[in-house]
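Chemist: All chains, please: the whole structure from these sequences, using the hints.
Chains A and B are the protein sequences, given in the same order. Just add 14 to the spot in the first sequence (first one is 1) and you have the working numbering. Just add 1 to the spot in the second sequence (first one is 1) and you have the working numbering.
To be clear about the criterion: a stretch of chain A counts as covered by chain B if any three or more of its residues have a C-beta under 8 Å from a C-beta of chain B, and this derived list gives those stretches:
no. : stretch
1   : 19-28
2   : 42-55
3   : 142-154
No lab work stands behind these hints: they were computed from the structure. Each residue gets a CB set at the ideal place from its N, CA and C atoms; glycine is no exception.
Single-letter residue listing:
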Amino acid sequence: MESSALARFEAVVLPHLDAAYTLARYLMRNASDADDVVQDACLRALKYFDGFRGEAGTSARAWLLTIVRNTAHTWRERHRPEALAVEFDEREHSEAIAERDPEAKETLGRALERLAPEFREVIVLRELQGLSYKEIGDVTGVPVGTVMSRLSRARARLQEALREEEVR
Amino acid sequence: MSHPNFEAQLDAYLDGELTAGDVRTLETHLAQCVECTRFRDRRLELRAAIVAGIPTFQAPPALRDRIRAAARTGSALETKRAPRRFTMRTLWRPLALAASLAVVAIGGWSLALQHVAGEALADNVLASHVRSLMPGHLTDVLSSDQHTVKPWFNGRLDYSPSVYDFAGRGYPLLGGRLDYVGGRPVAALVYGRRQHVINVFVWPATSGPTDGSNKRDRQGYHMLHWTTPDYTYWVVSDLGLAELQDFAQLLRQADSIR
Numbered sequence: 015m016e017s018s019a020l021a022r023f024e025a026v027v028l029p030h031l032d033a034a035y036t037l038a039r040y041l042m043r044n045a046s047d048a049d050d051v052v053q054d055a056c057l058r059a060l061k062y063f064d065g066f067r068g069e070a071g072t073s074a075r076a077w078l079l080t081i082v083r084n085t086a087h088t089w090r091e092r093h094r095p096e097a098l099a100v101e102f103d104e105r106e107h108s109e110a111i112a113e114r115d116p117e118a119k120e121t122l123g124r125a126l127e128r129l130a131p132e133f134r135e136v137i138v139l140r141e142l143q144g145l146s147y148k149e150i151g152d153v154t155g156v157p158v159g160t161v162m163s164r165l166s167r168a169r170a171r172l173q174e175a176l177r178e179e180e181v182r
Numbered sequence: 002m003s004h005p006n007f008e009a010q011l012d013a014y015l016d017g018e019l020t021a022g023d024v025r026t027l028e029t030h031l032a033q034c035v036e037c038t039r040f041r042d043r044r045l046e047l048r049a050a051i052v053a054g055i056p057t058f059q060a061p062p063a064l065r066d067r068i069r070a071a072a073r074t075g076s077a078l079e080t081k082r083a084p085r086r087f088t089m090r091t092l093w094r095p096l097a098l099a100a101s102l103a104v105v106a107i108g109g110w111s112l113a114l115q116h117v118a119g120e121a122l123a124d125n126v127l128a129s130h131v132r133s134l135m136p137g138h139l140t141d142v143l144s145s146d147q148h149t150v151k152p153w154f155n156g157r158l159d160y161s162p163s164v165y166d167f168a169g170r171g172y173p174l175l176g177g178r179l180d181y182v183g184g185r186p187v188a189a190l191v192y193g194r195r196q197h198v199i200n201v202f203v204w205p206a207t208s209g210p211t212d213g214s215n216k217r218d219r220q221g222y223h224m225l226h227w228t229t230p231d232y233t234y235w236v237v238s239d240l241g242l243a244e245l246q247d248f249a250q251l252l253r254q255a256d257s258i259r
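Modeler: Following this line, the structure appears as structure tokens:
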């Protein structure tokens, strides 16, 4: 890679590495898979970086998250066809959650884990990454109208799941 | 009665994604529909729960290094990857790091508190903001209704701060809190913006009004400060500066036409 392109990659893409890793953690539901997915995604990002010019409306963050999301899906199909059935690694998640609110780990972590992947994905993109509806649509490949209804349903499910966790 | 369209619209409204025309239609509906108002309040509670409870993660330093190295060489990444199985060792490293950062943060605090008097107030405000983010400290009165939050301060303070809700602009009111800043009890109003918390501290002005707002950056937080003829305002958040200034502008506007 040329040094100017390298500098641009480091300045434009790498600041979003934590966001990429957070998304991968929630999609893969364990740290080592997330690690691999982000590494693969960044390799792809490097490869296609020349094609990314930062056109109007395409933020580098949304661009990188799109690649992470697609990589995660491919990765799950290829390496872990059983991944969807794999139990949530609660030990691992609860450690991270415990740093913020010991009580919330009991409810929110599990409630989020119970959501279908398409719902978990929009919650993470909106609530943790702060993406606009347009950007979420770009990342997940659906129209803005679908983002709006999916996010609304995802929140309704999360509320239900939270209520059920609380009465447990 | 069920309003499936209004539910998605209300979410879009709270997310600041509705057009001005739709905002008006929806606010008209909200004013007369108890069910939708209740729906909105439940969503605001969910939002507060998410802010308090869902963690974000930091990319492990080793991963960052590998990616940087790959960019440098332009070739395939070194194939040395994290061990497949989760081990206590990999868990402890980030925890140990977090612990050492916490020590640095606390150390930083005691230094910061020795600053000159003018800066002491900013430190004070920031400390209150940070404390408010700890579980269970954010609000004394949890309500998105300005007409609930404002009267709550009656009898608790010797002044009555103006309370506005900017949900239509994507900054919903989450509640209020009594705080202690600069040697006096003050009103703290809490707003949300996606996963970010904004604290607004208000107390009666003791100096003349300022033209613009004063900006400070501390420990990753932005602070905006201004004085009107009546009140001194401090606004603190980890929100991006542009959005925080947008919020401050809304607040100043609302206050100037009060």
